[in-house]
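Q: These are the residues of each chain, in order.
4 protein chains.
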Amino acid sequence: MAEPDWNEGILVPRSERGFRTQERLLEAASEIFVRDGFLDAKITDITALAKMSSGSFYTYFDSKEAIFTAVIKKVNEGLYVAASVPTGSSRDPLERFELVTRAYVRAYQENAGLLAILEQVATISPRFREMRRNIRQIFRNRSEKGIRRLQGEGRVDPTLSPRCVAEAITSMVSNFCYVWLVLGEDYEEEEVIQTLTTLWASGIGLKPAVES
Amino acid sequence: MAEPDWNEGILVPRSERGFRTQERLLEAASEIFVRDGFLDAKITDITALAKMSSGSFYTYFDSKEAIFTAVIKKVNEGLYVAASVPTGSSRDPLERFELVTRAYVRAYQENAGLLAILEQVATISPRFREMRRNIRQIFRNRSEKGIRRLQGEGRVDPTLSPRCVAEAITSMVSNFCYVWLVLGEDYEEEEVIQTLTTLWASGIGLKPAVES
Amino acid sequence: MAEPDWNEGILVPRSERGFRTQERLLEAASEIFVRDGFLDAKITDITALAKMSSGSFYTYFDSKEAIFTAVIKKVNEGLYVAASVPTGSSRDPLERFELVTRAYVRAYQENAGLLAILEQVATISPRFREMRRNIRQIFRNRSEKGIRRLQGEGRVDPTLSPRCVAEAITSMVSNFCYVWLVLGEDYEEEEVIQTLTTLWASGIGLKPAVES
Amino acid sequence: MAEPDWNEGILVPRSERGFRTQERLLEAASEIFVRDGFLDAKITDITALAKMSSGSFYTYFDSKEAIFTAVIKKVNEGLYVAASVPTGSSRDPLERFELVTRAYVRAYQENAGLLAILEQVATISPRFREMRRNIRQIFRNRSEKGIRRLQGEGRVDPTLSPRCVAEAITSMVSNFCYVWLVLGEDYEEEEVIQTLTTLWASGIGLKPAVES
DNA sequence: CATGAATGAGACTTCATTCAT
DNA sequence: CATGAATGAAGTCTCATTCAT
Chain V
8 MAEPDWNEGI LVPRSERGFR TQERLLEAAS EIFVRDGFLD AKITDITALA
58 KMSSGSFYTY FDSKEAIFTA VIKKVNEGLY VAASVPTGSS RDPLERFELV
108 TRAYVRAYQE NAGLLAILEQ VATISPRFRE MRRNIRQIFR NRSEKGIRRL
158 QGEGRVDPTL SPRCVAEAIT SMVSNFCYVW LVLGEDYEEE EVIQTLTTLW
208 ASGIGLKPAV ES
Chain A
8 MAEPDWNEGI LVPRSERGFR TQERLLEAAS EIFVRDGFLD AKITDITALA
58 KMSSGSFYTY FDSKEAIFTA VIKKVNEGLY VAASVPTGSS RDPLERFELV
108 TRAYVRAYQE NAGLLAILEQ VATISPRFRE MRRNIRQIFR NRSEKGIRRL
158 QGEGRVDPTL SPRCVAEAIT SMVSNFCYVW LVLGEDYEEE EVIQTLTTLW
208 ASGIGLKPAV ES
Chain X
8 MAEPDWNEGI LVPRSERGFR TQERLLEAAS EIFVRDGFLD AKITDITALA
58 KMSSGSFYTY FDSKEAIFTA VIKKVNEGLY VAASVPTGSS RDPLERFELV
108 TRAYVRAYQE NAGLLAILEQ VATISPRFRE MRRNIRQIFR NRSEKGIRRL
158 QGEGRVDPTL SPRCVAEAIT SMVSNFCYVW LVLGEDYEEE EVIQTLTTLW
208 ASGIGLKPAV ES
Chain Z
8 MAEPDWNEGI LVPRSERGFR TQERLLEAAS EIFVRDGFLD AKITDITALA
58 KMSSGSFYTY FDSKEAIFTA VIKKVNEGLY VAASVPTGSS RDPLERFELV
108 TRAYVRAYQE NAGLLAILEQ VATISPRFRE MRRNIRQIFR NRSEKGIRRL
158 QGEGRVDPTL SPRCVAEAIT SMVSNFCYVW LVLGEDYEEE EVIQTLTTLW
208 ASGIGLKPAV ES
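Residue numbers (the working numbering), protein chains in the order written: chain V, 8 to 219; chain A, 8 to 219; chain X, 8 to 219; chain Z, 8 to 219.
Just so you know, the hints here were simulated from the structure itself, not pulled from any lab data.
Please note that a few of the clues may not be correct.
[What the hints assert, rightly or not] Label-pair restraints from in silico Cβ distances:
#1 Glu72/V with Leu18/X: 38 to 48 Å
#2 Ile145/V with Gly191/X: 51 to 61 Å
#3 Ser22/A with Glu10/V: 53 to 63 Å
#4 Ser61/V with Glu15/X: 27 to 37 Å
Glycine is no exception: its CB is placed at the ideal position from the N, C-alpha and C atoms.
Input sequences plus hints: build the corresponding full structure.
A: In structure tokens form, the structure reads like this:
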């Protein structure tokens, strides 16, 4: 339960100049991580790209893990926003599914490089496994709630376990994005979104609203 | 396309005794890989567990990658068999889906430890990325073929892209197993199998056979 | 022979305010040196404790060695005073020995924390080895002179080498204090003083004054 | 109370060849430690002097601390033997004191270089502080026992605390050796031994055996 | 005079792999 | 075929001191 402190090891600059230097490091690190992966990324490559001495790195971050955390935090926030995209309660569920899927796919596309590395680091470090889990939970919990509501409205098979279904759909969407955008299987964006949306909706047996 | 040679680096013992020694190394390696992961697994730990000198390792394998390949090959074969489980053409599709899913889940359960490590190594090494991709393809291609046939029989929405759907279902099943059996989310086996089967079948809009 | 300049590297503040700032640094440094030792003491810890920026340190001291010198100078002066405690020529030698021992013990007790660190630094730096030697010499030379006088008065064995005896007694007293007050062997103050005084006096075969 | 494990970090070679290599390292390390001190001694200097690659060091020792422990253990054993020199119960106490002092001085002389470094390390590391304390205790405990016996025989002032006196004498002898043989104060060996022995014997008020 | 960011040399350590015995 | 010692490249991190603002 004890959530790791995601700011651990990330030092806070005390001047405007320091703030800019930290930003430079973050940008350089993103580039290096995407290029070389976490394991092969060298601090000296990052500082060289940011045009500073290697020692300066430690003015702003305690370790490679720390700067990776900082880099990923931004990505995470992007995914968080995507997974929380407001759908407007008045819409049709199908439309909502599509909206959510599209937002997720877009966010994944924009950050595919770093998400690939996060996937790598998550297999190595429990800390980052937890981080990835968190963002996954947002998506899953949201789906679960939606399914519960639709079951309540009699529009979805009531025998299905909402949590289990939500987990499965989350797996489908997130892993499809991984295979497509990271591993490089060739698909066409619109087709992906339509297929995932359809499988999702039909999978849970979504029925049209019962009109009165 | 050029398939890596999965036997490269795995030396062939000349004697019966050598064969048994190699087996001992494989068993020890499985244990160490599961315990420490690929990166932290040390050759000396493997040889110590197999009760031999570190130098002897290279009589049987060329490298750490080679012995990992050998260890994973067995697992892979298990998954291959599972993914190829004969279903008997006469059966109902729903039953076939369930059978395939169950076989996959069982195989995953039996090898969860090493599959977790394969997941790790696949993020690091293209060679093993390819290996994992292969086994995934078996499952996906099979699904794709099934869907195509059902579309031909008019029992599944013909506008869906069979490949895309198959990829999505493969993602759903394989990633669910990962989250459940490797990351440790708590689910109940039978419920998982039923849920995945249902989502699969309903997702593609499977209709009862048209009786004549 | 060339005595180091013990004020080298200690800058002289030009203002009253600067003077107080330097004092703050000295207090902070004492605390940090005692807590962490010389080697592990960090300039940033000292400045942080003194509530100023690390750069300001160099307005007042040239180096870590310089501030340590400044800190130790005070201690040294204390020991100097103790070792020079006036005994009044009229007293009984035994009483004088006790007075000197007591003064030394008191001074050591009051500064045990920093003297422990001086001991450390003296093993590392010739400069501080010299400093410690100086204070030791005061004690030793004084003893030596006393012994010579008593030998002249026929109250002490004339075959003993005054310098060698003085060195031995200095070793006994100073190292006892180190073992007791720094290393933490448990002794009772009064007992220590009496024992050292007795060993000293009896050791040199002190005889009662020859009355005429 | 928990005695550190003095073999920790010292690996045991499994072959004759390894044993010789470890010896080579120990000899090289002694030389380097004496030349540069513990802090400035570099692993690469040791391996270079022993004519091997730097990595080989870690086949035999875990760290610089470990090899220093191994080097000092030998010295310690030498001092232990010296401090335990058998005196023959029949002798005169004065002769016994001289014998013990002489043995200690000799042992110190032979190992002065490394003992200087031990003194340095002891001020830095509790582990080695403990080691030095151990050897000191042997000497002190032995003195204490002797004094107790002589008090029992009525040949020594019964009001003196044996432990406190023994500590003082140990301080005198050991610190004199340090000042003389490490810091370089100029003394003549025989004079030192006689002076220390006399101060010791007279200090405790040793009386000739009461003849019947 | 104060601030705090910038500097940079370099020792330690790991461990897969090779090789002498 | 077994043993275990030998190899060596290379990356992280520290922190006293300097310097621009």
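Q: Each of the hints needs a verdict: does it hold here or not?
A: Okay, the hints, checked on the actual structure:
no., hint, in the structure
1, Glu72/V with Leu18/X: 38 to 48 Å, "holds, 41 Å"
2, Ile145/V with Gly191/X: 51 to 61 Å, "holds, 56 Å"
3, Ser22/A with Glu10/V: 53 to 63 Å, "holds, 56 Å"
4, Ser61/V with Glu15/X: 27 to 37 Å, "holds, 33 Å"
Hint compliance for this structure: every hint is met.
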